[in-house]
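Asker: Protein chains in written order, with this note's numbering: chain A, 833 to 965; chain B, 1173 to 1294.
A few of these clues could be false.
[To be verified] If you anchor each label on the Cβ, the simulated ranges turn out as follows:
| id | chain 1 | residue 1 | chain 2 | residue 2 | range |
| --- | --- | --- | --- | --- | --- |
| 1 | A | Glu902 | B | Leu1267 | 52 to 60 Å |
| 2 | A | Gln889 | B | Lys1255 | 49 to 57 Å |
| 3 | A | Ala868 | B | Val1268 | 42 to 50 Å |
| 4 | A | Asp932 | B | Val1264 | 24 to 32 Å |
| 5 | B | Lys1255 | A | Lys842 | 52 to 60 Å |
| 6 | A | Asn870 | B | Lys1255 | 52 to 60 Å |
| 7 | B | Lys1255 | A | Arg957 | 16 to 24 Å |
| 8 | A | Ser964 | B | Thr1222 | 58 to 66 Å |
| 9 | B | Lys1290 | A | Ile859 | 21 to 29 Å |
| 10 | A | Glu933 | B | Leu1267 | 18 to 26 Å |
| 11 | A | Asn871 | B | Lys1255 | 39 to 47 Å |
| 12 | A | Glu933 | B | Val1268 | 20 to 28 Å |
| 13 | B | Val1264 | A | Asn910 | 51 to 59 Å |
| 14 | A | Ile926 | B | Lys1290 | 57 to 65 Å |
Derived by calculation from the structure, the hints in this document are not laboratory data. Ideal Cβ placement from N, Cα and C applies to all residues, glycine included.
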Amino acid sequence: MKITVAQYAKTLHESVKDKSQKEIPEIISGFVKILAKNNQVKNSGKIIDKFSDIYNQENGIVEAEIASREVLSNMLSNKIKSFVKEKYQAKEVILKNIVDEKIKGGIVIKVGDELMDASVSKQLRDLKYKLSN
Amino acid sequence: MNERTGKIEKGLKDAEDAQNKLAEMEKKEKDVLTKAKEEGQKIITAAEVTAQKNKEDLLVETKQQAEKLLTDAGKKIEEEKNKMIGEVRSEVAGLVVMATEKILDEKIDVSKDKELIKKSIN
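With the rest of the complex left out, here is chain A (with noise of 0.2 Å):
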């Protein structure tokens, strides 16, 4: 029977938890021979996307990934992690700034497969569709 990389995210998870920061290398590294035994080393990058998932789900962290057309500053970080932390009751959220130009203004938010769209682009976007029919 094949193994799911979720169910191996889900092994790991429930190997390191409750675990001290001295036993846990030796877990990872028993956990890579077996990935290594079973021919799965190439999907260690998508076992440790679903391992953070797992993690941040049952720890209440957020990840999101926010685009703006400048570096957002502290003070609007901290609104934006206040909003996000409000909308998805998460304890914690780390917030990623992307800038890219091309949003012209505003921010857009992205969170697991949500993504709020406030940017001026999506705006001139809307105009130009209602314009057009």
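Here the structure of chain A is known, so what remains is to put chain B in place on it, guided by the hints.
Answerer: Chain B alone, transformed into the frame defined by chain A:
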């Protein structure tokens, strides 16, 4: 005398028979002619009916083709019109957006951008 009388009577009888045969043949000929005329008339009538039907069918078909041509032409004109309107609209929309974009590029400075961001998360 008797022999002569017999000859005469036979002659008369032969003449009468010949007359009867002629009459019978004439009747037969007349019957054949009548029948031929009737058959001929039937053929003519059938031909006329077929010709009339063909004429009507052709007329209906021609009418249908003409109607289809008109409908198709109407549709094509409508499609072309809509396509043209769509193209013009799209062109105008593109120009409006381009102009708006240019204005916004000049108008949205750092502080305006901050305001926009704040508005979107409030």
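Asker: Look at each hint and say if it fits the structure.
Answerer: Here is how each hint holds up against the structure:
1. Glu902/A / Leu1267/B: 52 to 60 Å: Check failed, 28 Å falls outside 52 to 60 Å.
2. Gln889/A / Lys1255/B: 49 to 57 Å: holds (51 Å)
3. Ala868/A / Val1268/B: 42 to 50 Å: violated (60 Å)
4. Asp932/A / Val1264/B: 24 to 32 Å: holds (28 Å)
5. Lys1255/B / Lys842/A: 52 to 60 Å: Since Lys1255/B and Lys842/A have Cβ atoms about 55 Å apart, the given range 52 to 60 Å holds.
6. Asn870/A / Lys1255/B: 52 to 60 Å: For Lys1255/B against Asn870/A, whose Cβ atoms are near 58 Å apart, the range 52 to 60 Å holds.
7. Lys1255/B / Arg957/A: 16 to 24 Å: Holds - the Cβ-Cβ distance for Lys1255/B and Arg957/A, about 23 Å, lies within 16 to 24 Å.
8. Ser964/A / Thr1222/B: 58 to 66 Å: holds (60 Å)
9. Lys1290/B / Ile859/A: 21 to 29 Å: At 45 Å between Cβs, range violated.
10. Glu933/A / Leu1267/B: 18 to 26 Å: For Glu933/A and Leu1267/B the Cβ distance comes to about 22 Å; the hint holds.
11. Asn871/A / Lys1255/B: 39 to 47 Å: Taking Cβ atoms as reference, Asn871/A and Lys1255/B lie about 56 Å apart, which means the hint is violated.
12. Glu933/A / Val1268/B: 20 to 28 Å: holds (22 Å)
13. Val1264/B / Asn910/A: 51 to 59 Å: violated (43 Å)
14. Ile926/A / Lys1290/B: 57 to 65 Å: For Lys1290/B against Ile926/A, whose Cβ atoms are near 21 Å apart, the range 57 to 65 Å is violated.
The structure fails to meet hints 1, 3, 9, 11, 13, 14 from the earlier list, while all remaining hints are met.
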